[in-house]
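Residue numbers (this note's numbering), protein chains in the order written: chain A, 5 to 148; chain B, 92 to 858.
Note that these hints are calculated values from the structure, not bench results.
Keep in mind it's a predicted model, so treat the numbers as computed, not measured.
For each residue, glycine too, the CB sits at the ideal point set by N, CA and C.
Keep in mind that the hints are not guaranteed to be accurate.
Some chain B residues close to chain A (C-beta under 10 Å, calculated; not the full set) [to be verified]: (1) P121; (2) G474; (3) C671; (4) A675.
Chain A is nowhere near these chain B residues, computed Cβ spacing over 12 Å in every case [stated by the list, open to error]: (5) S123; (6) T136; (7) A408; (8) K494; (9) K550; (10) L560; (11) K624; (12) K660; (13) P661; (14) V683; (15) R695; (16) Q846; (17) A853.
Next come the chains, spelled out residue by residue.
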Amino acid sequence: MNKTRQLCTFVLEGQTFGIHVDCVLEVIRSLPLTHVPLAPEAVCGLINLRGQIVTAIDLRRRLELGPLKEGKTARMNIIIRTSEGPLCFPIDEVGDVVDVEERLFEPVPETMTGTARKLIDSVCKLPGTLLLVLKGDFAELAGI
Amino acid sequence: MNELLNEFLVESYENMDQYEGSLIELEKDPTSKKLVSAIFRTLHTVKGTCGFLGLSRLEAIAHAGENLLSLVRDGVVSFNQAIASALLATGDAVRAILAQLEKTETEGDVDYSELVALLVSLQKPVSEGAGAVNVEESAKPAKAAPVEAKAVPAEAKAAPAKAPVKLAPAAKAPTAEPEPKVVKAPVEAPMEMSAAKVQPTASTASTAKSPEGDSPSGSKASDSTVRVNVELLDRLMNLVGELVLTRNQIVQLTGSLESVPMQAACHRLNHITTELQDRMMKTRVQPIDALWSKLPRTVRDLAQLCGKQIRLETEGAETELDRTVIEAIKDPMTHLLRNSVDHGVESPEERKAAGKNPEGRILLRAFHAAGLVTIEIIDDGGGIKVERVKARALERNLITPEKAATMSQQEVVNLIFQAGFSTAEKVSNISGRGVGMDVVKTQIEKIGGMVDMSTEVGKSTTCRIKIPLTLAIIPVVIVGCRGDRFAIPQTNLLEVIRLDKNLMVETVHETPVVRLRGNLLPIVFLDSVLAIKTGEREETQHLVVLQAGDRHFGLVVDTIHEAEEIVVKPLGRALTAVSCFAGATILGDGHVALILDIFGLGSRASMFQSTRAANALEEEVKAQGVGTGALLNELLVFHVGGIRAAMPLDMVSRLEEFGGEQIEEAAGRQVIQYGGSIMPLISLSRALGFEESKPVDGRVQTIVYARNGRAVGLVIDGVEEIVRGNIEVQPAGRRSGVLGSAVIGKQITELIDAQDLVRTHASDLFE
Chain A
5 MNKTRQLCTF VLEGQTFGIH VDCVLEVIRS LPLTHVPLAP EAVCGLINLR
55 GQIVTAIDLR RRLELGPLKE GKTARMNIII RTSEGPLCFP IDEVGDVVDV
105 EERLFEPVPE TMTGTARKLI DSVCKLPGTL LLVLKGDFAE LAGI
Chain B
92 MNELLNEFLV ESYENMDQYE GSLIELEKDP TSKKLVSAIF RTLHTVKGTC
142 GFLGLSRLEA IAHAGENLLS LVRDGVVSFN QAIASALLAT GDAVRAILAQ
192 LEKTETEGDV DYSELVALLV SLQKPVSEGA GAVNVEESAK PAKAAPVEAK
242 AVPAEAKAAP AKAPVKLAPA AKAPTAEPEP KVVKAPVEAP MEMSAAKVQP
292 TASTASTAKS PEGDSPSGSK ASDSTVRVNV ELLDRLMNLV GELVLTRNQI
342 VQLTGSLESV PMQAACHRLN HITTELQDRM MKTRVQPIDA LWSKLPRTVR
392 DLAQLCGKQI RLETEGAETE LDRTVIEAIK DPMTHLLRNS VDHGVESPEE
442 RKAAGKNPEG RILLRAFHAA GLVTIEIIDD GGGIKVERVK ARALERNLIT
492 PEKAATMSQQ EVVNLIFQAG FSTAEKVSNI SGRGVGMDVV KTQIEKIGGM
542 VDMSTEVGKS TTCRIKIPLT LAIIPVVIVG CRGDRFAIPQ TNLLEVIRLD
592 KNLMVETVHE TPVVRLRGNL LPIVFLDSVL AIKTGEREET QHLVVLQAGD
642 RHFGLVVDTI HEAEEIVVKP LGRALTAVSC FAGATILGDG HVALILDIFG
692 LGSRASMFQS TRAANALEEE VKAQGVGTGA LLNELLVFHV GGIRAAMPLD
742 MVSRLEEFGG EQIEEAAGRQ VIQYGGSIMP LISLSRALGF EESKPVDGRV
792 QTIVYARNGR AVGLVIDGVE EIVRGNIEVQ PAGRRSGVLG SAVIGKQITE
842 LIDAQDLVRT HASDLFE
């Protein structure tokens, strides 16, 4: 049998992303977000995760996907584990957990530019769609 | 790390604390058999476990110390100062190895053979320190009946020239039954010393026999307590906090229900949650003794260094405080105590001349009062000489002569807490690293505490610290600003006033102020400081009068919500760079609110450019009509490349410390990630023509110099102090990066021209 990796997938601005399941602490419904003035631009606020205050990172901005459309709000939050404590990403939709064979992974195309390149670990060729696999690195994700 | 090793470390650190404490006590009461036995036991425990873990170096030291102790306990050698010092040094060595173990999991390769040799040499009963009496005493067991002979083999081997050697083998056999618990400890482990083989066996056996040896008190404590990871406690705290919120919601929801059993269950839930929260808070407190137990050693060492005799007494050591508060007052407390030893208590001669007991006394007292913990440090020394303080403050331009004439004694004494008062001439090895009392004050104020001094000339000086019980829960006032809510700590809050026709914002040279009871109060708009642009300002606004250290300012907000007690939670790493917030909290409705850091907020609004002291200085300068050039107001003094150097404080943006591993290489120079951008590093040492600085403990100290939005880190060896006052600069020959030299604190100090340096070494960045 071929070696596989388990990825948790989610959708942001029509694009499917994946992150290793080991990094994911939980997926929850959107929580009220407290705005933090003067914060680095990647930080979109703070949430109360059962008494623990978790920084929410705006993945749209980090991945240069453009701002959320007027009047729309992120419906789900995905909480991931990093070396510096948990981080929260507001996302549009959460997908399945998929088992992907190692051979389907490919490095990021050389021609990809921008900050997205630093965040994306590899590309996964799924039938009908390309899955972008995120790194679980705190500094890159938080943009500091 | 290996769990066994980790446990050993935690336990050994604790043991060493106890070891030290008991030794200091033993010095006061050298005849106490109980104390000697206690010390012996702690060291023995450490040694025992070493064998398990194969830590031969540590074992050798512990073993040598143990041998000496066993002789002391058996009265063969009498306890004296030399022994005390050697045993304390043993403790230090053990600690050093433990620290090394913690870092690298190896014992390191520091050579302690000298210490071991010293410990061995002290085992000879007839040393210079011991008088004739000791000889007699030590001779006694030698002649005594076989029952007492257990002491003999040890002595016999240590001093092989002595007669009773022949007794040794006979004595060994019957008594050499080691304690069951330490059986596995290889007492016969690799030891170069020839005496090693017999001694440990004999001494172990005697521990078991001595009445205190098998006292169960030590093991009992560990039966009823469990070590819990602090992180786990914090998590539990969080969950309890959430439970309280949920409880509130449920209580509210069931209030409208008719169901009696439901109401009853709710009532119970209410009670249990409250009690749970209460108990949970208790898990975070520690008796202040956790800090105090380390102080006798400091006092002893210092007193010896200054040639003083000082007795440290404590009262109220059981007073409980939050762990974090204890951690926060550790440095200021130690500093104040050092001060008392160094400057407070006089030398024995002086004390005798003044008709006092040559032995000085410092009393530490702690008690709860008015929701705060008061800690007093009282010495019975000569007191603070008010006139000298006044003269020095005048000399340093901290006060004006007119003011000096009207100040009360109490006010004058408290001048020593002013920045810039710390006197370089007094900075000895003892009173620390050049940090003044102003640092002590800031450290205490940072946690919402107060400190003040009072003195009775010729009799005593009392330093009184008042601190909150906990940092985790603080009283705040919640304010609203453009729809967001913020918490303002009540310790910083003076009053809240509504802005209306009677109290209007005016401007002085574009700086907004209000007239508050005849005084001008500078004000800051919260939304503009925080650059909040969303939401609307309310029509009526409120002014919150705040205090940060010595300065007052007003903060304009929209609404004032309620006063609350909140649980402070840290902000994540992504937000630590934002200096305006001290943390965050969860409000009653489950929303997150940010806690304002008043100091950070004020400095962001550049309120604090001018302290009162600086104002006074300015006036002084104007009055004297001193020209420019030769005068520099505030200097940061540091050392680099083996010299003392200084730089005007206004050229320093920040002082930062980095781990050596954070330094990266880019574009052919060393850089570091700093505040979201890349900051180049310049080795100041090399720029001045010295050898490159070596990081101390893997840490790199830098002065951040910023101009035109670009920052450069100047790597230095270490910061010494900040001095303020008139400093004469003598122009030096033309040297790149050096303005000239000056005498600061009686030492020649080079003045660094940062602008010039940066121009030469990073010209590309500042064009």
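Index of numbered hints that the structure contradicts, given in increasing order: As far as the earlier hints go, 1, 2, 11, 12, 13, 14 and 15 are violated by this structure, in ascending order.
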